[in-house]
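So you can see what is in the structure, the chains are spelled out below.
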Amino acid sequence: MFLNYIKIAWRNIKRYKGYSFINIFGLAIGLACCMLILLWVQDELQYDRFHTNLHDLYRINAEFHKTEPVSHYWPMCAPLAPALKEEYPEIVKAARFTRLRRGQLVKYRDQNFLEPRICLTDPDFFSMFTFPLLEGDPQTVLSDPQSIVLVESTALKYFGNENPIGKVLNINNEQDFTVAGVLRDIPENSTIQFDFLLPFVRIEDFEKAWAVLDNWSLSGFATYIQLEEKASSESLENKIAYYLQKHVPESEDVIYLQAFKNLHLFSSHVQFSIEGQGDITYVYIFSLVALFILVIASINFMNLATARSAKRAKEVGLRKVVGAKRAQLICQFFYESVGLAFLSLILAVVLVELFLPIFSNLSGKTLVLDFSSHIHIVIAILLMTLLTGFLSGTYPALFLSSLKPVQVLKGTLKTEGRGFLFRRILVVSQFSLSILLIICTIVVSRQIGYMQNKKLGFNREHIVYLPMREELAERFETLKTELKKKSGIVNVAASSSLPTSGVILTTDKVSWEGKNPEDNVVLEVTSTGYDFIETFNMEVVEGRSFSKEFVTDEEKAVVINETAKKIMGMEDPVGKQLIFGDAATIIIGVVKDYHFKSMHSEIEPLLMAIVPTLYRYVFIKLESGNIPNTIADIKSIWGTFFPDTPFEYHFLDEAYDKLYRTEQRMGTLFNYFTVLAILISCLGLFGLASFMAEKRTKEIGIRKVLGASLSGIVVLLNKQFTKWILIANLVSWPIAYYAMFKWLQGFAYRIKLEFWTFALAAMIALAIAMMTVSYQSIKAALADPADSLRYE
Amino acid sequence: MIKMKEITKFYSSGFVKTFVLRNIDLDVKEGEFLTIMGPSGAGKSTLLHILGMLDSPSSGEYFFYDKPVHRLSERQLSDLHKNHIGFVFQSYHLIDDLTVYENLETPLLYKKVKGSERKGKIAEMLDRFNMVAKKDLFPNQLSGGQQQKVAVARAIIINPKLILADEPTGNLNTKEGTEVMDLLKELNEGGTTIIQVTHSEKNASYGRRIINLVDGWIVDK
Numbered sequence: 001m002f003l004n005y006i007k008i009a010w011r012n013i014k015r016y017k018g019y020s021f022i023n024i025f026g027l028a029i030g031l032a033c034c035m036l037i038l039l040w041v042q043d044e045l046q047y048d049r050f051h052t053n054l055h056d057l058y059r060i061n062a063e064f065h066k067t068e069p070v071s072h073y074w075p076m077c078a079p080l081a082p083a084l085k086e087e088y089p090e091i092v093k094a095a096r097f098t099r100l101r102r103g104q105l106v107k108y109r110d111q112n113f114l115e116p117r118i119c120l121t122d123p124d125f126f127s128m129f130t131f132p133l134l135e136g137d138p139q140t141v142l143s144d145p146q147s148i149v150l151v152e153s154t155a156l157k158y159f160g161n162e163n164p165i166g167k168v169l170n171i172n173n174e175q176d177f178t179v180a181g182v183l184r185d186i187p188e189n190s191t192i193q194f195d196f197l198l199p200f201v202r203i204e205d206f207e208k209a210w211a212v213l214d215n216w217s218l219s220g221f222a223t224y225i226q227l228e229e230k231a232s233s234e235s236l237e238n239k240i241a242y243y244l245q246k247h248v249p250e251s252e253d254v255i256y257l258q259a260f261k262n263l264h265l266f267s268s269h270v271q272f273s274i275e276g277q278g279d280i281t282y283v284y285i286f287s288l289v290a291l292f293i294l295v296i297a298s299i300n301f302m303n304l305a306t307a308r309s310a311k312r313a314k315e316v317g318l319r320k321v322v323g324a325k326r327a328q329l330i331c332q333f334f335y336e337s338v339g340l341a342f343l344s345l346i347l348a349v350v351l352v353e354l355f356l357p358i359f360s361n362l363s364g365k366t367l368v369l370d371f372s373s374h375i376h377i378v379i380a381i382l383l384m385t386l387l388t389g390f391l392s393g394t395y396p397a398l399f400l401s402s403l404k405p406v407q408v409l410k411g412t413l414k415t416e417g418r419g420f421l422f423r424r425i426l427v428v429s430q431f432s433l434s435i436l437l438i439i440c441t442i443v444v445s446r447q448i449g450y451m452q453n454k455k456l457g458f459n460r461e462h463i464v465y466l467p468m469r470e471e472l473a474e475r476f477e478t479l480k481t482e483l484k485k486k487s488g489i490v491n492v493a494a495s496s497s498l499p500t501s502g503v504i505l506t507t508d509k510v511s512w513e514g515k516n517p518e519d520n521v522v523l524e525v526t527s528t529g530y531d532f533i534e535t536f537n538m539e540v541v542e543g544r545s546f547s548k549e550f551v552t553d554e555e556k557a558v559v560i561n562e563t564a565k566k567i568m569g570m571e572d573p574v575g576k577q578l579i580f581g582d583a584a585t586i587i588i589g590v591v592k593d594y595h596f597k598s599m600h601s602e603i604e605p606l607l608m609a610i611v612p613t614l615y616r617y618v619f620i621k622l623e624s625g626n627i628p629n630t631i632a633d634i635k636s637i638w639g640t641f642f643p644d645t646p647f648e649y650h651f652l653d654e655a656y657d658k659l660y661r662t663e664q665r666m667g668t669l670f671n672y673f674t675v676l677a678i679l680i681s682c683l684g685l686f687g688l689a690s691f692m693a694e695k696r697t698k699e700i701g702i703r704k705v706l707g708a709s710l711s712g713i714v715v716l717l718n719k720q721f722t723k724w725i726l727i728a729n730l731v732s733w734p735i736a737y738y739a740m741f742k743w744l745q746g747f748a749y750r751i752k753l754e755f756w757t758f759a760l761a762a763m764i765a766l767a768i769a770m771m772t773v774s775y776q777s778i779k780a781a782l783a784d785p786a787d788s789l790r791y792e
Numbered sequence: 001m002i003k004m005k006e007i008t009k010f011y012s013s014g015f016v017k018t019f020v021l022r023n024i025d026l027d028v029k030e031g032e033f034l035t036i037m038g039p040s041g042a043g044k045s046t047l048l049h050i051l052g053m054l055d056s057p058s059s060g061e062y063f064f065y066d067k068p069v070h071r072l073s074e075r076q077l078s079d080l081h082k083n084h085i086g087f088v089f090q091s092y093h094l095i096d097d098l099t100v101y102e103n104l105e106t107p108l109l110y111k112k113v114k115g116s117e118r119k120g121k122i123a124e125m126l127d128r129f130n131m132v133a134k135k136d137l138f139p140n141q142l143s144g145g146q147q148q149k150v151a152v153a154r155a156i157i158i159n160p161k162l163i164l165a166d167e168p169t170g171n172l173n174t175k176e177g178t179e180v181m182d183l184l185k186e187l188n189e190g191g192t193t194i195i196q197v198t199h200s201e202k203n204a205s206y207g208r209r210i211i212n213l214v215d216g217w218i219v220d221k
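Residue numbers (our numbering), protein chains in the order written: chain A, 1 to 792; chain B, 1 to 221.
Just chain A, same shape as in the assembly (with noise of 0.2 Å):
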C-alpha cells in the first residue's frame, strides 16, 4: 500500500513538475532561512556555556542613580575583587580582569609584534574559567608576577614548535616576563578574550599615571567572582550593596551582581560595552524574522498542495469506488504531503551547506552546521517540517476524503467554494508576513543610513588616527613639529579618547560660582591637545579654542560643549571659573554640540581640557589628494621617532563604521531575509495565479468568444489578488507601526515613522505580486478559445 502512495506521489511530481518544483523549492528556502537564523540565534544562547563553573559566576557591576536614566557600568577599583573575597566567605574566587588599552610592544629574541590583546588577571581566574591549560598548573601559573601565560596559536607565533615554558618575553622594552602557561585558543563564542595573560599586580606597570593597586576612587577593571555552591546570589548582594562606601564614604554606587551568563546577552543597559557583546532584543528579532519565513514558506507549500489536491479528485472517487476507507485515504494524503516536506528539508539541508560561508560571513560569526552538536536545531527543523507537511495535508486529506464517489465521479463537485476561502486566507497572511518585513527592512535601512549621515558636529573624512603608547605623550610635541612640516598633513592634533567611543572620565567633582549646591551636575571629561577642534573643524560658538598664545591654557583652560552650557545654567560661560576636581580653570569657549558616542545615547555635557599625560591618540588630517603618499611619509617619520615601535594606523571613518556594525549587519540581513521572504512569496503567488487561470480557463473562452479584449481579461484576473494584497497590507501597517515604533526608541536620534514608507511597502508588493500574477494571466488571455471550448 505505502509503495502505492510512493509512486502516485512520485508520478504526482513529475507529471506537474512546475508546481512540485515551486512547492518543494519553496519551502526549501524557508527551512533552508530558518535553519540558518537558528544557527545564528543558537550561537548566540551558546556564548559563555562552555565554562563548567557558569552557574557560580558573577560580574560585579554598579549603578549610579544620578543620571536619568539610572547607568549601570562594570569597571570597578582594584582593591575591590580581594577585598570582598577575604570579608565574604560565599565568594571562593575572585579575578580582576582588565585588556590594555593600547597595543603592546612584544619582543621575543628578533621577533616583534604590537600586540593588542594583552590583558591582567588574578591567579583565580585559571580555576575559575574554563580555558584549559595545555602547559602549566592552573592552581600556580599567574602567581609568580614575572610570569606570563599564552594562548597556543601566538605561542605558535613567537616560539614555533619549541617549547614555550621557561621563554622569556620583553614588553614595551622595559619588563620580562617568563612563560609560565599555554592555554587552547579562546572559542569566538567568549566574551573574554586575549592573547596574552599577565599578572594583574603588574597593572601599575603599565598604567603608570595612576596609582592603581590600592587606589578606591580609580576605576576601570572588571571584578569576577564565583560564589560557593548554592550560595544565594541574592543575600550577598544585600551584604555587598554598600561596601563602596566604606572606603569612600562620597560614593553614590550601589554594587551589584550580574550573572556571568547573562554577560553576553542581557547587558545592552550596562555602559562601556564589550566587543563582540550580543543582544537578546536581536535575538528575538531574529527568531521572528526565521518564524515569519517559515510560516510564509509553509504557507505556499499549503496553498498550492490545496490548490492542487482538486485535480486528485478523481482519484478519490475512484479509490473508494474500489474500496478504499476514508481513513485509508487521509493516511495516503498525509503521507504525501509529509513526503514531499521531508523532500524539501534534504533540498534545505544541501542549501544551507552551500550558504554556510556567507552567511557566517555577513553575520559575523564563524557557524558550521554540525548535526550532533546542535541536537535541538535538528528537532526542532524535524519537528517543523512534520507540522508543515501534516497541515498542507490537512484540507486536502479531511476535505478530499469526505467526498462523494458519486460527485467526483459525475463532475458536479465543486471544489472553489470552500478551499477558496481558505486559500484567500493564506494568501492575505503571507502577504501580510512580506509587507511587514519590507517596512522594517526600509525602516532599518533609513534608520542605519541616518546615523551615519547625520551631522556629527566634525567632520571625520580623511582623518587617520595611530594609537601612541604612554611614554610617548611627551614626544607628542615634536612629533606635530615634523609631520606638519610634510604635504599633504592639515592638521596634527592629540586626545585621550577617539570622538566615536565616549570619554576618558566621568566626573560630578565639579563646581562654579553660581551653582545651586543642591543641583548635581555629571560631566563627561575628555583630554584634547592643541588644534583638536580644529582637526576636526568643530565650531567654536562662545569664545576661544586652545591656543599656544596663551600660555595658561595648558593648565588653566577648558572648553565645554552647548549641552553643558545649557546644564550648567550660564548665561555667558566665557572668563567664568569652574573647579574641577582640585583644579581651579577658566572656561575659554563654548564648542557646538558634536556626537562623542553612539546615537544610541544622547549628547551629554562634554568638558574638554589639555592633560597630556592622558594622550592616548594622535589625529593626522589629510589632504585628499595622494593619501597612500602621506601614510607612507608618516609612517617614516614614526619610523624615526619610535624605531622600535611597529607603525599601526586607521582611518576615522572605520571606526566610525563599527560603532553601528551591530545595526549595519543586522540591516543586512534583514535586507537578504526580506527578499527571500518576498521570493518565496512570489512563488505561491506564481503557482496559485497559474493555478487559477487554469481553472478560469473555460470562463476566458467563452469570454473571448463574446468579445472580451486582451486587456479585459488581464485586468479581470489581477483584478483579485490586488484585493487580497490591499486587505495584507492593512493588516501588517499597524503590527509593522508598532514593532518599529519600538525598536526606534532605542536611539536617542532617529529618524521619524513616516507615512511613505507604508505606502512605499504597499506599492513594492503589489508591483511585485502584479508581475508575478500577469505573466500567467496573459498567457492565459493569449490562449486560443477554441482550445479550452473543445471538449465542451
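Source of the hints: derived by calculation from the structure; they are not laboratory data.
Careful, some of the hints might be misleading.
Capping the alpha-carbon separation at 30 Å, the derived lysine-lysine pairs in DSS-like fashion look like this [to be verified]:
| id | chain 1 | residue 1 | chain 2 | residue 2 |
| --- | --- | --- | --- | --- |
| 1 | B | Lys-114 | A | Lys-325 |
| 2 | B | Lys-111 | A | Lys-311 |
| 3 | A | Lys-325 | B | Lys-161 |
| 4 | A | Lys-7 | B | Lys-134 |
| 5 | A | Lys-404 | B | Lys-17 |
| 6 | A | Lys-314 | B | Lys-119 |
| 7 | A | Lys-325 | B | Lys-175 |
| 8 | B | Lys-119 | A | Lys-14 |
| 9 | B | Lys-5 | A | Lys-325 |
| 10 | A | Lys-404 | B | Lys-3 |
| 11 | A | Lys-314 | B | Lys-111 |
| 12 | B | Lys-112 | A | Lys-7 |
| 13 | B | Lys-134 | A | Lys-17 |
| 14 | A | Lys-404 | B | Lys-5 |
| 15 | B | Lys-111 | B | Lys-67 |
| 16 | A | Lys-325 | B | Lys-202 |
| 17 | A | Lys-17 | B | Lys-135 |
| 18 | A | Lys-325 | B | Lys-3 |
| 19 | B | Lys-112 | A | Lys-325 |
| 20 | A | Lys-325 | B | Lys-134 |
| 21 | A | Lys-480 | B | Lys-111 |
| 22 | A | Lys-597 | A | Lys-576 |
| 23 | A | Lys-17 | A | Lys-695 |
| 24 | A | Lys-311 | B | Lys-135 |
| 25 | A | Lys-230 | A | Lys-261 |
| 26 | B | Lys-112 | A | Lys-311 |
| 27 | A | Lys-404 | B | Lys-175 |
| 28 | A | Lys-14 | B | Lys-111 |
| 29 | B | Lys-121 | A | Lys-314 |
| 30 | B | Lys-121 | A | Lys-7 |
| 31 | B | Lys-112 | A | Lys-14 |
Some chain B residues near chain A, calculated using beta-carbon distances under 7 Å [claimed, not checked]:
| id | residue |
| --- | --- |
| 32 | Leu-80 |
| 33 | Lys-82 |
| 34 | Phe-87 |
| 35 | Thr-106 |
| 36 | Pro-107 |
| 37 | Leu-109 |
| 38 | Tyr-110 |
| 39 | Thr-178 |
| 40 | Glu-179 |
Given the structure is predicted, the values throughout are model-derived calculations rather than measurements.
Heads up, the beta-carbon is just placed ideally off N, CA and C, and yes, glycines get one too.
We have chain A already, so just place chain B on it with the hints.
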C-alpha cells in the same frame, strides 16, 4: 439479495426540490442479469449509484443481503462494498497515474490481500483478458476498449457478488462493445449478479429482466 422499498431521491436547490427517483420498489435475486433502461435524465445512473452505495437515498429502505444499508455507517458501507460490489463505468474511470497492473492491484490493497496472492490474482486477470503485454502501460496509452477491459478486470478481481455497469459500452465501438458484453454474460453464467444501465436494445437483450425508468418512476411496458 437486494430489496428496495420506496426509495426516493431528490436534490433541493433553494425552494425547488428536483425529484430524481420516486418510490422505487425493487427486488433483485442472486444470479440475475438485470437491465435498467430509460431516456436521459430518468434517474438510471442515480439508481445504480444508490445500489452501489456510492450515493444515499433521500428516503426509503435498502437491504443488501438483509443488511439495512440506509442505516449503516460509512465504515460498514465501505466494508460491504469493497467485498461484494464491482463497478464498471461508461468512461472507464481508471486512475491515470497508475499502470494497468497497479490499477488492478489497488482494490486488492484496500482488501489487504497478501502480496503473493495479489500477484497470482493479477496475473490470472491479465491472462484472462489478454493484457499481459500491456501491464506496464498507463491508461492513456490504451484504446477505449482496452481501458474498459481493465475496468471490468478491476471490478471482478475481488470476486464480487454484484457487478454494477453504467453504460459499459457507451464509449466503445461495436466490436469492443460486444466483447465487453460477452464478458459480462460469461460472468453472469458463473453466478455473479449483474445490473446494467443502458440505452441500447441490443445490450438489453443480454439481460433476462428489464425495468424501465421514466422521470424517476418505474413503469411497466
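Verification of the hints:
Pair hint B:Lys-114 plus A:Lys-325 holds up; C-alpha atoms about 18 Å apart against a cutoff of 30 Å. Taking the CA atoms of B:Lys-111 and A:Lys-311, the gap is about 25 Å. The hint holds against a cut of 30 Å. The suggested pairing of A:Lys-325 with B:Lys-161 holds, with an alpha-carbon distance near 20 Å, which does not exceed 30 Å. With a C-alpha separation of about 18 Å, the suggested pairing of A:Lys-7 with B:Lys-134 holds against the 30 Å cut-off.
A C-alpha spacing of about 20 Å is found between A:Lys-404 and B:Lys-17, which places the hinted pair at or below 30 Å, so the restraint holds. Proximity of A:Lys-314 to B:Lys-119 is assessed by CA-CA distance (about 26 Å); at most 30 Å being required, the pair is judged to hold. Of the pairs offered as hints, the one joining A:Lys-325 and B:Lys-175 is violated, with about 37 Å between alpha carbons and a cut-off of 30 Å exceeded. For the proposed pair B:Lys-119 and A:Lys-14, the alpha carbon gap of about 27 Å is at most 30 Å, so the pair holds.
As the CA atoms of B:Lys-5 and A:Lys-325 are separated by approximately 27 Å, the hinted pair is consistent with the 30 Å bound. Annotation: proposed proximity of A:Lys-404 to B:Lys-3 holds, straight-line Cα distance about 23 Å (limit 30 Å). Taking the CA atoms of A:Lys-314 and B:Lys-111, the gap is about 20 Å. The hint holds against a cut of 30 Å. Only pairs whose Cα atoms come within 30 Å are accepted, and B:Lys-112 paired with A:Lys-7 is accepted, the gap being roughly 18 Å.
Among the hinted pairs, B:Lys-134 with A:Lys-17 is consistent with the structure: their alpha-carbon atoms are about 26 Å apart, no more than 30 Å. With a C-alpha separation of about 23 Å, the suggested pair A:Lys-404 and B:Lys-5 falls inside the 30 Å cut-off, and the hint holds. For the hint pairing B:Lys-111 with B:Lys-67, the CA-to-CA distance comes to about 20 Å; that is within 30 Å, so the pair holds. Between A:Lys-325 and B:Lys-202 the CA atoms are separated by roughly 37 Å; this puts the pair beyond 30 Å, and the hint is violated.
For the hint linking A:Lys-17 to B:Lys-135, the alpha-carbon distance of about 25 Å falls within 30 Å, and the restraint holds. The hinted pair formed by A:Lys-325 and B:Lys-3 meets the criterion: a straight-line CA distance of about 25 Å does not exceed 30 Å. For the suggested pair B:Lys-112 and A:Lys-325, the alpha carbons sit about 12 Å apart, so the restraint of at most 30 Å is met. The straight-line distance between the Cα atoms of A:Lys-325 and B:Lys-134 is roughly 29 Å, inside the 30 Å bound, and the hint therefore holds.
About 97 Å separates the Cα atoms of A:Lys-480 and B:Lys-111, which puts this hinted pair outside 30 Å; it is violated. For the hint linking A:Lys-597 to A:Lys-576, the alpha-carbon distance of about 27 Å falls within 30 Å, and the restraint holds. Restraint check: the Cα-Cα separation between A:Lys-17 and A:Lys-695 comes to about 18 Å, which is no more than 30 Å; the hinted pair holds. For the hint pairing A:Lys-311 with B:Lys-135, the CA-to-CA distance comes to about 25 Å; that is within 30 Å, so the pair holds.
Between A:Lys-230 and A:Lys-261 the alpha-carbon distance is near 16 Å, which keeps this suggested pair within the 30 Å criterion. Annotation: proposed proximity of B:Lys-112 to A:Lys-311 holds, straight-line Cα distance about 27 Å (limit 30 Å). Distance hint between A:Lys-404 and B:Lys-175 is unfulfilled; the C-alpha atoms sit about 34 Å from each other, more than 30 Å. About 29 Å separates the Cα atoms of A:Lys-14 and B:Lys-111, which keeps this hinted pair within 30 Å; it holds.
The hinted pair formed by B:Lys-121 and A:Lys-314 meets the criterion: a straight-line CA distance of about 26 Å does not exceed 30 Å. A hinted pair counts as satisfied when its Cα atoms are at most 30 Å apart, and B:Lys-121 with A:Lys-7 qualifies at roughly 21 Å. Under the criterion of a C-alpha separation no larger than 30 Å, the hint pairing B:Lys-112 with A:Lys-14 is consistent with the structure, at around 28 Å. Residue-level restraint check for B:Leu-80 is violated (minimum Cβ-Cβ distance to chain A is 10 Å; threshold 7 Å).
The beta carbon of B:Lys-82 is positioned within 7 Å of a beta carbon in chain A (closest approach about 3 Å), and the interface hint is therefore held. Satisfaction of the interface hint for B:Phe-87 is found here, the shortest Cβ-Cβ separation to chain A being roughly 5 Å, below the 7 Å cut-off. The beta carbon of B:Thr-106 comes within 5 Å of a beta carbon in chain A, closer than 7 Å, and the hint placing it at the interface holds. For B:Pro-107, the interface hint holds, since its Cβ comes within 7 Å of a Cβ in chain A; the closest pair sits about 4 Å apart.
Interface restraint check for B:Leu-109: the shortest CB-CB distance to chain A comes to about 5 Å, inside 7 Å, so the restraint holds. Look at B:Tyr-110: its Cβ gets to within about 4 Å of chain A, closer than 7 Å, so that hint holds up. With a least beta-carbon distance of about 25 Å to chain A, the hint placing B:Thr-178 at the interface is violated under the 7 Å criterion. For B:Glu-179, the interface hint is violated, since its Cβ never comes within 7 Å of a Cβ in chain A; the closest pair sits about 22 Å apart.
Of the numbered hints stated above, those contradicted by the structure are hints 7, 16, 21, 27, 32, 39, 40, listed in ascending order.
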